[in-house]
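Protein chains in written order, with the numbering used here: chain A, 1 to 142; chain B, 1 to 142; chain C, 1 to 142; chain D, 1 to 142.
If a hint is listed, it holds; no wrong ones were tucked in.
Repeated chains share a single entry, so a pair holds when one copy, or any two copies, can fit it.
Derived pair list, reagent style DMTMM-like, types lysine to aspartate or glutamate, alpha-carbon separation capped at 20 Å:
hint	residue 1	residue 2
1	Lys39	Glu21
2	Lys85	Asp113
3	Lys111	Glu96
4	Lys39	Glu19
5	Lys85	Glu109
6	Lys127	Glu96
7	Lys86	Glu38
8	Lys127	Asp45
For the record, the hints were derived by calculation from the structure and aren't laboratory data.
There are 4 protein chains.
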Amino acid sequence: MYALKDFISQHDRFAALSEIELAEVGQGMALARMTVQEKHLNGLDIVHGGAVFTLADLAFAAASNSRGRAAVGINASINYIRPAKKGSVLTARAREIFSHRTLCGYTVEVKDDQDRLVATFQGTAYKKDIPLVTDNKQTNPE
Amino acid sequence: MYALKDFISQHDRFAALSEIELAEVGQGMALARMTVQEKHLNGLDIVHGGAVFTLADLAFAAASNSRGRAAVGINASINYIRPAKKGSVLTARAREIFSHRTLCGYTVEVKDDQDRLVATFQGTAYKKDIPLVTDNKQTNPE
Amino acid sequence: MYALKDFISQHDRFAALSEIELAEVGQGMALARMTVQEKHLNGLDIVHGGAVFTLADLAFAAASNSRGRAAVGINASINYIRPAKKGSVLTARAREIFSHRTLCGYTVEVKDDQDRLVATFQGTAYKKDIPLVTDNKQTNPE
Amino acid sequence: MYALKDFISQHDRFAALSEIELAEVGQGMALARMTVQEKHLNGLDIVHGGAVFTLADLAFAAASNSRGRAAVGINASINYIRPAKKGSVLTARAREIFSHRTLCGYTVEVKDDQDRLVATFQGTAYKKDIPLVTDNKQTNPE
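Generate the whole structure from the sequences, applying the supplied hints.
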């Protein structure tokens, strides 16, 4: 899954802006990581819900695209369990729940560096009829 | 609601990173705006689900804090309806569904500049026992 | 939409068990009704979450099948806003949010007879490649 | 947890109507079971989404009330993975994700008798300030 991992790492600009690292991609799974920095905080000095969502969403996107066909998220939900502060290293692990012909579903657990659950996320994706093109030789958007 | 609008605009660092503008805050409502830029795109060259979520989430956060008590999101869900591309101006409008003693719920519609629905979002927040402090004279986190 | 309304009214056995009436079906919309009875209560003497969900789900199912193709729900979420007691007449109104080639989304508001919001529901359905057959002359399941 | 199991089994009338059996209740967990019968079907001759939801919801309700305080569901979501037909024995197992001072969250897996996933469910409940009274000697609602 190097091609997919590299493709997303190089092309996903919002993940890059958020300094989210795609650490691992396998068949139906993915792992993403983010160290909570000043830039990720909201007005209450805790990690922004949108940053936690984006972290989980990247793991979901990678996992749902790991089956060889381009997939796009159609809906997702998130439960916030514990606030995370500056300095925490958050890890999002996506696990496949089902993979049908056109739909697939994933659950993502976001944990902090003490292995405590920060959020749970569920996402459903739709598989397009086109294969996922990860040949990025000519299409570097940077 | 100037105090709340200013407070969030000055203190929410992930919204600032994402260049999301809080345009309006009223009793139980809020409006946020984002122009889709290169930085908001995912690997498929459309706006990242996390960016759309963050836009909706900011409107939700402002609206849920508009009743005078600090409120934190406990869960949220999003449905993606139409992809948005670079250059689109997205607007998220949060509307209060209910506001009980400790819980409150909001629905957010995200539309593009042609008034087409891009996403719908629902969020539930928990009101803390503390008033929302928006006096930011001494507490500029920047 | 008489055919669809009649088909569901005659064939949906769980709706019949729950004494939920499909009152109206139009293009992309539907209205269902349930009078809260002893049978709908949970152990706390309020209407069961499953009964409110089933009421909303029937409106969602009818609305999502109103476009001429058989559609099945793929996911749904519900927010409970106000408990309802025995004797309340609950109305669920489904409204179409989008209807794409293979997916469609609906929001349902459940209100009591004083027009107060009891629950909000969102559902996404998948359109199958087969037309909806509502000719029930030979297929009475009873 | 016999008291809670017995209380729900005797007082939850919508679960009784739906012939859902509460098989087990422990600290933060519960197991419910339903054999799909004619009465649980929808117009497409598969188990009604509302019946599957009610099955999962009962496990969620029992688990969220297992900590000694009365808890009410505030929101829930369900993903339908595989349709179930007449004769299938469905089992819903609720597992605690978190239990805070006033909120608690559960995930429920619904499986058929071949151990295949039929649906996944997430629910959040609000703990009331009153203890759960399960002394049902004098309060048989039947």
